[in-house]
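Protein chains in written order, with the working numbering: chain A, 1 to 92; chain B, 1001 to 1498.
Keep in mind the hints are simulated off the structure, nothing from the lab. A quick note: this is a predicted structure, and the numbers were derived from the prediction, not measured. Heads up, the beta-carbon is just placed ideally off N, CA and C, and yes, glycines get one too. You may find that some hints are simply not true.
[Unchecked claim] Facing chain A, a subset of chain B residues (Cβ under 7 Å, in silico): (1) Leu1108; (2) Leu1113; (3) Met1222; (4) Gly1288; (5) Lys1484.
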Amino acid sequence: MKKNNRASMSDAQKFSLVRREAIYTGLALFGLIIFWLIAGFGTASLDVKIFHVPLWAILGTIGVWLVAIVISFVLSRVLFRDVDLGGDDNER
Amino acid sequence: MNGNLSALTSLIMLVPLIIFMAVMVGISFYVRHKQAGKNFVSSYFVGNRELGGFVLAMTTVATYSSVSSFVGGPGMAFQVGFGWIYMAVVQVTAIFLVLGIFGKRVALLARKLNAVTVVDIIRARFQSDFLAAVAAFVIVLFFCGTMTAQFVGGAKLFAAVTGYSYEAGLILFGLTVVIYTSIGGFRAVALTDTCCAIMMMIGIVLLLHYVLQAGGGFDNIMTTLETNNPELFEPFSFGNMPWTIYFTQWLLVGICTIALPQSVVRGISYKNTQGLHQAMLIGTVVVGFMNIGINFTGILAHGVLSGTAADYGGVDNIIPTTIVMAMPIELVGLAIIGPLAASISTISGLLIVASSAIIKDVYLHWAEKNQRVVTPARVKFLSMAATAIIGAAVFVIALTPPSLIWLINMFAFGGLETAFFWTLLLGLFWERANKLGAMLSMTGGTIIYCATQAMGFKIFNLHQITIGITCSLILFLIGSYLGKRSDESTLKIFFPKN
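Please work from the sequences and hints to get the whole structure.
Below you can see the structure in the form of structure tokens.
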């Protein structure tokens, strides 16, 4: 069923979908940059350490990585749709 | 540093490396055998568009992660501290950005246009052989710079750790990468990249384990650092990490990397969108693990090395020295596979794209235009020969390594981004983008970038990528508004309407 839906999309619909997904990705980047700024520089003045590592360093590195993973998950599993790419590649 | 190593111990260190290189070459022969009978150009330059999600993720990450990620980067983390990891972590965006923005669009267009290279798509979008030729030239030129840096970095690391000569290292891994890329083409590059990425992760885990052990445990190392090196715990590292570095790194190794031809071509090579979605997730997990893991190991290396970076001959020697001092001798050979894998996976990824630029984008297009018949056997011979010749040329340059090699590497990175960022981004997503805009942007932007690099001209002490990318955008917009719109038939392909 899902395959049929994908196959029945017109070229215009596919390109429109792909454009929308690219915009989602750009917005996700913007969100991650904001998080990076707040997580690192934003918390640098706090004198908090976890396992000897400053909070800003944990949030600004592992925190940013985890948020990037969540973003990739949301983009690829929730917002992005499967598209029949055309040609004979899917039948190969 | 290895003057006391016996010949036998040195040989023992080489065994894992030799086995690894032999496996790489074996994979290329296997791929060559499996691809027999298929369309040669498509299979050699984009692996017949058969990559699945895992391999797509690994090849994109491995091509992106160079030897400097494993040597220079952690060396800087040793010197600067957590600020360096905070800066380097921007690279976690690289995979989901390039695949999320260009992945599907490039795949759809490649199938429509029967394109196998990024230049094919640029030529079709802007209907310009001149622009395509410039793009191919820029690719070959800057890729040669990047590849040289990888060869030199890898061979220096090899020499520092094993005690063998620089030339021996170059021959061992340099020739191996040229051979397996020439024989197996893109598919072999993708599979060997996957092995390389796995070895990089194993190398990081091994090194981290032995660094912690040699330093008396995590608590001990960190307590000492808190007392002796407070600058490592501050984001600006007491002035060693100015804001300008943070800003330019977001451009240079973050946002602008989406337009690197060696990354974008991965969008042509995968089988279906399920694979692409998987690759976005896997790639982000892996690139973050590598980045944080190896740079954090660089900081923890203080537990093994008591002096400053200068005491060990500079930041580039921190990781090699740490490997030698922290790891048991029988595992050293295994540990250096990681950084060398980063080097060879980047070289192979660039080599195949550079070869496609010459054979597919220039020669085959010229032959088609002039109605010359090129037999499949000749295409095959020329493609493999081009790959081998480019690889051999870079190998020869690396035999007498130029100075300031890391600057050449970053220079090449910025040059590629200046040339391709707006041409690809606006070209594929903005209908008004046209031939004049793309030409001005690619040629003008690249020339301005190179000129500012040559003169050492900077604004606010920012890397010249900021000037290059800004000028490139301005020129693109001027050209697009002054020049003629792309013709309707082209727009129908790139921006289909209902």
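So, going through the hints one by one against the coordinates:
1. Leu1108: holds, 6 Å
2. Leu1113: Violated: closest Cβ of chain A sits about 10 Å from B:Leu1113, beyond 7 Å.
3. Met1222: Interface hint status for B:Met1222: holds (3 Å vs cutoff 7 Å).
4. Gly1288: Because about 4 Å separates B:Gly1288 from the closest Cβ in chain A, which is inside the 7 Å limit, the hint holds.
5. Lys1484: Violated, about 23 Å.
The structure is inconsistent with the numbered hints 2, 5, although it conforms to all the rest.
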